[in-house]
Amino acid sequence: MMRLGIDVGGTFTDFVAYDTTTCTLRAWKNMSTPADPTEGILTGLSNASSDQLSGLRLGSTVVTNALLERKGAVVGYVTTEGFRDIPFIGRGNRRHHYDLAWVKPKPFLKRRHAYEVSERIAANGAVLTPLNEDSVRVLARRMRNENQVEAVAVMLMHSYIEPSHERSIRDIFAAEMPDVPVSISYDVLPKWKEHFRSSTTLCDAYVKPIVRRQLGSLRARLDGAGIAAPIVVMRSNGGEMTLDAAAAAPIQMAVSGPTGGVIAAKRVAGLLGIDNVVTLDMGGTSTDVSTIVGGQERFTTDFEIEWGRPVQIPMIDIRTIGAGGGSLARIDTGGMLVVGPQSAGARPGPACYGRGGTEPTVTDANVVLGRIAADNFLGGSMKLDPAAAREAVAGLAAQLGIGVEQTALAIVRIANNTMVGALHTSLTEQGLDPRDFTIMPFGGAGPLHVCDLMQEASIRRAVVPNFPGQFSAFGFILADARVDRHRTVQLSSRAFDEARAEAAMADLVAECLDELRVQGHTDNVTILRSVDMRYAGQNYELNVPVHADSLHHDGRTALWEAFHAQHAARFGFRLGDAVEIITFIVTASVATGAIELPTITKASAAPVQAHRRAVWFEAGWIDTPVYDRGSLLHGHELPGPALVEETASVTVVGPGHRLTVDAHGNLHILDAS
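Per this note's numbering, numbering through the sequence shown is continuous, rising by one, with the last residue being 706.
Just so you know, these hints were derived from the structure itself, not from any lab.
No experiment lies behind these values; they were computed from the predicted model shown.
Mixed in with the good hints, there may be bad ones.
Claimed, not checked - DSS-like, lysine-lysine: derived pairs with alpha carbons at most 27 Å apart:
hint, residue 1, residue 2
1, K143, K104
2, K139, K104
3, K104, K137
4, K137, K226
5, K226, K143
6, K139, K226
To be verified - What follows is a set of in silico ranges between Cβ atoms, one per label pair, in the way DEER data are often shown:
hint, residue 1, residue 2, range
7, L101, Q181, 48 to 58 Å
8, M34, R175, 30 to 40 Å
9, W340, H644, 45 to 55 Å
Built from N, CA and C at the ideal position, the CB exists for glycine as well.
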């Protein structure tokens, strides 16, 4: 039986299959079909025997794309009387303080679709004004008769403490408008701070009709193709969710696709005994950077789909930039060469794809430099047009007044500089020393650029994993089941309510276990608890792990001390002031992604070159040996310059670097000195 991971990207759809009987892996990819992602999935599934599939795990960009491109539903927003403008006011800060032409991004709704209802919950959960249910019914019927709203988002004041009013509104709309999905903030984000809660709930409602249609179509078309294997969708936190759960809470898929690469990198790093890794996932449209510190991936709720539009769901901390193989190069109005963030995408794609693209991209530049072979792209299944790539780059070269190769190298260097900025954001700006980290490049384009990035970012070691072009799909089959639950319950060390604290934590644990049970996981559940804490009067919190008995009277002294110690480590001082608990957090997980990674044969002779070709480096054209990755064995060592080709990627070993191969076939790159 085969476990299959599927990563639907902007340019390619990737597949990795693991045979649980033979413990072997197989990977392939095909072009994505942005207008109909299911078509690209079905095309790729033709390479797998449907009767041997035990399960499918899907990472999708449907939510990300809908939010970025603003191609979601028309949302009706329902809130407490007097608070209609929260989504439009947002925060009082600005992205560019001195840019008078800057325009604040708009929320995902129009003001005429924002409505108020008579009700009010106090900050302690007491009902100040009962909900006027008759007025809610009148509002629902009005929205139904106007026939403009396609989804409804409900965010009431202090509903994270007392959700009864939101639930009543949800039930009324379900009765009056049964075909219109409703998102309530208590289900989406039961945390304080109205702007964050309203923004996240609006985003959930905005994409819900699209996700419902696409996932419903996917299941129906899989059934029609005779593929009965169960399918789950990857969450942004690296866990999985059923199709029904994804349709009910689609915002949990906000960064579904990139999580797989971090999961796989963590597993490979653990296998190799590497504690600190920075991942670099360079695909056709974008590059995603994340860190693994001390063997653990990092999580966050501090995410914005665009500036000022937060989405505060639990997710793996991944930073995305607009730099990929398909990033377009152009001359700006100041006469400078710029690369990205605009991308050629899957259609028309880079000029070398021969699909009608004429503007030069990073991929075209690598073809001109000889780093990508025109006759060996995707293992030879897709022929590239090097003349078209050269013609596209030559147009820029003429405007710059320099040679074609120099222009191509400049395009690559500018793309590298953008990625180095992302590496510094994830490392140096977080207080992490790049010299303590190993960079793990993947995505089809990552290994092409890794040696340059090592040099520019002061990173001493790189590991190019197996199947770098399909690494996120590989990560999906390694993922464990995971559920996160957050809820704001404000408590103080001065007047701690033990019963309330224990009830809140118990409720979150029960919710996590219930969702895992729906996914079919009931045994061997690992539960982690933590709380967000701060000194009284502070505006931001620190996350402190807690044990099941930490909230009891005897355990609270250790809890306060743990916060003081963490605050001192982070900010260099500690206070004697009262400590507040703001948010309770529970994570429940079940190990479901265990596989036995295959090993390769020990080398008994020197590696054999497949051929040689001229490759342009800083010093100009160099006659460079080219190796087939499948022929490299454990212990082989290659001095740079060299190229290692495989079906979906090319690893460039630059001058001054050397490459070795480990027992699992991973490629290790070090400075030759």
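The hints, checked one at a time:
1. K143 / K104: holds (14 Å)
2. K139 / K104: holds (14 Å)
3. K104 / K137: holds (19 Å)
4. K137 / K226: holds (20 Å)
5. K226 / K143: holds (21 Å)
6. K139 / K226: holds (19 Å)
7. L101 / Q181: 48 to 58 Å: Violated, at about 24 Å.
8. M34 / R175: 30 to 40 Å: violated (53 Å)
9. W340 / H644: 45 to 55 Å: holds (48 Å)
Checked against the numbered hints listed earlier, the structure breaks hints 7 and 8; every other hint is satisfied.
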